[in-house]
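Given the coordinates of chain A, work out where chain B with the ligands should sit on it, guided by the hints.
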Amino acid sequence: MQEKVDYVKTILEEAPEEQNELYKRRFIKIDFENFGKDNATQSVQDPVAFAKELEKGANVSFDVVMSPTHEEIRKSGIAKIEELKEYEGMYGRSEDKAIAFSSSTPGKLLSIEVPQGTNQNCNILAFSTNEILNARVKINVRRDSSLNVLIYSTSMQDSATLNSILNEIYLEPYSSVEVNLINNQCGMCSAVSYSKIECAANSSLKFNAIHSGGKVLRAKTEINASGNAARCNSNELILGSGSQKFDITTKIINNAEHTETFLTSKAALMDESLCILKGFAEIGEHAENSKSYVSERGILLDKTARIETIPGMGISNNNVKATHSSATMPIDSELLFYLTSRGLSNEDAKTLVVSGFFGSTISQIENTMAMQLGEGVIREKMLTKDVATTPKATLHGIWNANAMRSADDALLEHYKYR
Amino acid sequence: MMIMEIQIKELRASIANKEILKGINLTIKQGEFHVIMGPNGSGKSTLAKAIMGYPKLKIDSGDILVDGKSILGLTTDKRAELGLFLQFQNPVEVEGVGFLNFLHNVKRKSEKKDVDIAQFMKEVNETASTLKMPNGIVGRSLNHGFSGGEKKKAEILQMQVLKPKIALLDEPDSGLDVDAIRVVAASINRIFEEQKLGMLVITHYNRILSYMKPDFVHVLVNGKIVAEGNSALIKEVEENGYDSFMK
Ligand SMILES: Nc1ncnc2c1ncn2[C@@H]1O[C@H](COP(=O)(O)OP(=O)(O)OP(=O)(O)O)[C@@H](O)[C@H]1O
Ligand SMILES: [Mg+2]
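Chains as they are written, first to last, in our numbering: chain A, 1 to 418; chain B, 1 to 247.
Only chain A is shown next, with the shape it has when bound in the complex (with noise of 0.2 Å):
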């Protein structure tokens, strides 16, 4: 343990891929300082218990369960978890020291293979104790077949450790995938979770990460479009509270003709969070008559937080259509003013506004789990203002996009001028 420890803690401080000078600038730095210290005194939770109590409580279940000490695959058959010593695969070993310490590092992999004209679904649970998680998911899905996958990566209570995850994914021509991240850590682990996705022609990708946990949260996702018409839609939320540090680098890259690529970013800060979000475009020289779009947006929800977003672009290619924007501001004032006057506190004003700012992604996931957990995890927070809480499948009110949808629905039943 201890040795993995001195290892992170030389290992994890930059990124040497990161050449660009403003990216370099803003770099959140992991502090290992505690890693493996303050536990001494915790009780190490059972990781069984602890996957069981997570499941009855959110109404979920899952079919992988990773965790330092314990790893199980309860249903599905296309998963397998392997021991492995080393472990490269579609990452650089030089690419980035996280990365270089994970694939260098003792750990699990699984491996999930989507048969070839098959649908499938799987709901991997990750988490840290007390120890290091240092796990590798590696997703490859055969033409002509579809996967949703839910990968929520937590960690118990209290624990200062780091939560890795390397998630490697491929999708050959025509293949479908959903893929849900939902980073919900408790508020003294550090996360690392970094995703590399290639996408052959003709393939249709949705990646949505939902990053709210982690004393520190680093999350690196590079999506390549590198087959002809690949189609990739990359939607990131980030709920920040406390002192919660969050360095968000996502790449879109269009490398073939006909490719379309997506990324909407929307990050909702309160207290003194802090978030970095670093899009990224990059348009190949053989990328004829591709579409790129990159929107990051953000609300302030409290004077003390901060965010900076930092667009950039690569076009190597003149017959593209790409777009960028970013906007960042306080949450308004006469828009608080405005519900408050209907009876809304304060809080439950707020709570609704980021609601409505997040639910239009929400909404779009298609894995019902992973949205109702993904709802779970921000209403609670936006209700408690922990870093992580563990979501709740029962509640119901206004800030529940969930409850908000269905009561939508059920009004609109009785709607008579659609």
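Among the hints, erroneous ones may be present.
[Unchecked claim] Here are the simulated BS3-like cross-link-like pairs (lysine-lysine), alpha carbons at most 30 Å apart as the crow flies:
{"id": "1", "chain 1": "B", "residue 1": "LYS78", "chain 2": "A", "residue 2": "LYS303"}
{"id": "2", "chain 1": "A", "residue 1": "LYS206", "chain 2": "A", "residue 2": "LYS52"}
{"id": "3", "chain 1": "A", "residue 1": "LYS385", "chain 2": "B", "residue 2": "LYS112"}
{"id": "4", "chain 1": "A", "residue 1": "LYS108", "chain 2": "A", "residue 2": "LYS52"}
{"id": "5", "chain 1": "A", "residue 1": "LYS385", "chain 2": "B", "residue 2": "LYS107"}
{"id": "6", "chain 1": "B", "residue 1": "LYS29", "chain 2": "B", "residue 2": "LYS224"}
{"id": "7", "chain 1": "B", "residue 1": "LYS22", "chain 2": "A", "residue 2": "LYS266"}
{"id": "8", "chain 1": "B", "residue 1": "LYS113", "chain 2": "A", "residue 2": "LYS303"}
{"id": "9", "chain 1": "A", "residue 1": "LYS75", "chain 2": "A", "residue 2": "LYS206"}
{"id": "10", "chain 1": "A", "residue 1": "LYS56", "chain 2": "B", "residue 2": "LYS113"}
{"id": "11", "chain 1": "B", "residue 1": "LYS113", "chain 2": "A", "residue 2": "LYS385"}
{"id": "12", "chain 1": "B", "residue 1": "LYS22", "chain 2": "B", "residue 2": "LYS132"}
{"id": "13", "chain 1": "B", "residue 1": "LYS9", "chain 2": "B", "residue 2": "LYS56"}
{"id": "14", "chain 1": "B", "residue 1": "LYS107", "chain 2": "B", "residue 2": "LYS29"}
{"id": "15", "chain 1": "A", "residue 1": "LYS385", "chain 2": "B", "residue 2": "LYS56"}
{"id": "16", "chain 1": "B", "residue 1": "LYS9", "chain 2": "B", "residue 2": "LYS224"}
{"id": "17", "chain 1": "B", "residue 1": "LYS78", "chain 2": "B", "residue 2": "LYS235"}
{"id": "18", "chain 1": "A", "residue 1": "LYS303", "chain 2": "B", "residue 2": "LYS56"}
{"id": "19", "chain 1": "B", "residue 1": "LYS22", "chain 2": "B", "residue 2": "LYS107"}
{"id": "20", "chain 1": "A", "residue 1": "LYS303", "chain 2": "B", "residue 2": "LYS163"}
These aren't lab readings, by the way, just hints derived from the structure by calculation. Bear in mind that the values here come from a model prediction, so they are computed numbers and not experimental data.
Frame of chain A; chain B with the ligands shown alone:
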């Protein structure tokens, strides 16, 4: 039934160190119909917002009482709970929040109990139809992408459903076409009759007033009420403008 009464006493208030309300005295009782007229920038909206507890506004002196008790210490939502309602001159757009669900929830909160959906929707449908609101509009996000006139109608719809005891209507007529003014005025009149609420209507235009019968008319100029009377005052303003009230 207890009749609610708002008393505004010698109210002075400022925004960003600029005095806007310069000693206002006004009493509105449930069941009374008041109109305030006044030139642009005279402080009409500010007065309505002051009653509702607008956070940017600093109350320098004076008081606002509801049934004898000062409400200056109450937050905006608590004032709404008392039964006050402000129809905004420029209602704010709220992306992603369904109009119907919002209204249903707010209603539930104000009644402190569950609100039957069928009954609620019946009222919404009927009101939307008398207001001649376009089909589909209340199925959308709250005020999001509504036209100016649609926003005003949506505010009146909210008033109908929430049933305040005293409503402050800040230019219910601005942005409305001629026909819409008639329709909105008729709805306001009907709500006034049916719900026996107190009403303060702020307006610039005589057109809407030709459909209304206010009990009291006040003229606000430069942060002060400079004239008060019955509907005859409207005619005076119409004929002479505000100049005659200014010194
Ligand atoms: N948030 C604010 N910040 C600074 N000044 C303000 C603010 N709100 C109002 N004011 C100023 O206060 C004065 C009164 O404004 P108010 O909106 O009350 O006028 P009004 O009588 O409603 O005018 P109108 O008929 O144009 O609606 C104006 O000079 C306006 O510029
Ligand atoms: Mg005004």
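Hints violated by the structure (listed by number, smallest first): Violated hints (numbers, rising): 7, 8, 12, 17, 19, 20; every other hint is consistent with the structure.
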